[in-house]
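J.: Take a look at the letters that make up each chain.
Protein chains: 2
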Amino acid sequence: MTELKFDTTCIGNAIVDVIGQTDDAFLKSENLTKNAMALIDMDRAEDLYGKMTTAIEMSGGSAGNTAAGIASLGGKCAYVGKVRDDQLGDIFTHDIRAIGVTFETVKSTSGPATARSLILVTPDAHRTMNTYLGACIELGPDDIDPDMIAASKVTYMEGYLWDPQSGKDAFRKAAKIAHEARREVSLTLSDSFCVDRYREEFREFIDGGVDILFANEDEVKSLYETDDFDAALEAVKGHVKIACLTRSEKGSVIVTATESHKIDAIPGVNVVDTTGAGDLFASGFLYGYTNGYSLADSGRLGAIAAAEVISHYGARPIANLKELAATQLPQVKA
Amino acid sequence: MTELKFDTTCIGNAIVDVIGQTDDAFLKSENLTKNAMALIDMDRAEDLYGKMTTAIEMSGGSAGNTAAGIASLGGKCAYVGKVRDDQLGDIFTHDIRAIGVTFETVKSTSGPATARSLILVTPDAHRTMNTYLGACIELGPDDIDPDMIAASKVTYMEGYLWDPQSGKDAFRKAAKIAHEARREVSLTLSDSFCVDRYREEFREFIDGGVDILFANEDEVKSLYETDDFDAALEAVKGHVKIACLTRSEKGSVIVTATESHKIDAIPGVNVVDTTGAGDLFASGFLYGYTNGYSLADSGRLGAIAAAEVISHYGARPIANLKELAATQLPQVKA
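Sequence lines, in order, name chains A and B.
Letter by letter, the first sequence follows residues 6 to 339 of the working numbering.
Letter by letter, the second sequence follows residues 6 to 339 of the working numbering.
The set of hints was computed from the structure by calculation and includes no laboratory data.
The structure displayed is predicted, hence computed values, not measured ones.
Heads up, the beta-carbon is just placed ideally off N, CA and C, and yes, glycines get one too.
Please note that a few of the clues may not be correct.
Here are the computed lysine-lysine pairs in the DSBU-like style, where the Cα-Cα straight-line distance is at most 35 Å [unchecked claim]:
# : chain 1 : residue 1 : chain 2 : residue 2
1 : B       : K33       : A       : K56
2 : A       : K112      : B       : K56
3 : B       : K112      : A       : K112
4 : A       : K33       : B       : K56
5 : A       : K56       : B       : K338
6 : B       : K338      : A       : K33
7 : A       : K56       : B       : K10
8 : A       : K327      : B       : K338
9 : A       : K327      : A       : K255
Calculated Cβ distances over 10 Å to all of chain B for the following chain A residues [stated by the list, open to error]:
#  : residue
10 : D52
11 : T59
12 : E62
13 : S115
14 : D148
15 : D212
16 : P335
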């Protein structure tokens, strides 16, 4: 086997988040589906941005957030995603490297600008995302470095990447390389509407060899077309090695063919903005899993990382997650 | 007199802030003067940014922050400042318009990029700023619209604008128009190092007709070259109509030739990032002053606005300041 260099390589849409406060009336007046991610074109992005309040910009992107969380926990992580050679691309590149993630994907030098997601946060801390994919549509199989994938214990990919066609091809190439190198493949379903768009393809891809699946309650129910969480939980068991199913304040469940661990959410969190909760749960779990922690402790690390990110605006950790985790799990040394 | 359209027109360097956490050891290793604003060139900006942690981007600029605060209090406000036609310029333009400020300065279409300030926040909540002026150096007298100045009760300018030569010319033009229209001129000294650079010119400009002066303790002491705050306070009295002298947790003093009001700082604030404290004090005072509040109540509005902005990262208000002020001053109706 190739020498290990990374705990996890994360592949996804490289996005800068534009975060603003709003209220439910605004979501309604703009026909936005609360809690969902909608893809928008540049005209709609400009229209909606023009109606948004003063915003904060922070690097984001689901798998990018996960990579940042793994690095903040002290994990060795690489990221693959496409930005343009513009100011937002420079911000994205700076931020992911600054936290210690290896990021070498070649920037596009023509075509659409770096992607942004207009994230509207309501007073109940829920987020509604409107993403202009921009340069992300340029990510393709050529951006997948076989040596990097073969040198990673886990290759983790976001379901959102299924939206741009060439992203899907990159996705499949990476999964094939990982399996040939006897590494593991992990997928997050990203969004129940994303599952609606690609249910059959996702199921086929999962059966073709996803080892670790991340999904929230809505997503796993959508995947197996059931209204019942327990039914969905039973359904997923035979299809993947490990399923990590997150349920917001109800915590999460980690299931394998033979084990099931219920993990409580961290209590007493002042929830400000739920953006990134699932992404950071994946950070904690993947860091734990690739560093020899038990499934239950890996899940607990996920809960700790998720609790940090929902306590402030933005989808990347502000605290040092390793230090934070060390105060809550004796196995972690700061 | 021209019909009034604005309570205040604010003129300054239009800057996007890049806010990151750091520690005192880093400031020392980079030879940065804590709490000060240093001007840096593009090479140094890239070098320093490369060493900074993951950052948050938010619109800033001293007078821009003041304008945003006035608008958040419900005041009628215009802003004059120069950005380029780039992504950071779009962010700056969006944010200041989104909060309700009139901003019509023509963007530059060539030359340096939109300005940014790399703001390093230490665990004690102090900020150290490193500003690449970029497109700000293009602001000049042609950007001053005489009708806008004549239609503003107060024209407010930041001392930082003295750094680019053409900014100084714009500054003088605006002051002349304001006085000819029998309006008032206000100046903030911005930074004690800025005062060191331009002490004689500032004194001359102030004597030539600054009606309302804002300065913190260090700045006013530097202006009159004394180590004693009370001596500086006495010195400033004869030179301006109103001096607003801020002293961090010691509150502020509003002085005229005949009156003196000591305003307490708001107690019990969890101070996260002091960036914008002085800018937002000016917002509160100018909103109050131009809307018929007493000097003491105007100072209290300043204290309320400053307390909000230091309770979170970033130099612009996140809360609605009018609603916040209404809970603390019975004269304010939300």
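J.: Now, for every hint given, state plainly whether the structure supports it.
T.: Right, here's what the structure says about each hint:
no.	hint	verdict
1	K33/B x K56/A	violated (43 Å)
2	K112/A x K56/B	holds (21 Å)
3	K112/B x K112/A	holds (27 Å)
4	K33/A x K56/B	violated (43 Å)
5	K56/A x K338/B	holds (26 Å)
6	K338/B x K33/A	holds (28 Å)
7	K56/A x K10/B	holds (24 Å)
8	K327/A x K338/B	violated (46 Å)
9	K327/A x K255/A	holds (24 Å)
10	D52	holds (12 Å)
11	T59	violated (4 Å)
12	E62	violated (4 Å)
13	S115	holds (16 Å)
14	D148	holds (23 Å)
15	D212	holds (37 Å)
16	P335	holds (26 Å)
Checked against the numbered hints above, the structure breaks hints 1, 4, 8, 11, 12 and satisfies the rest.
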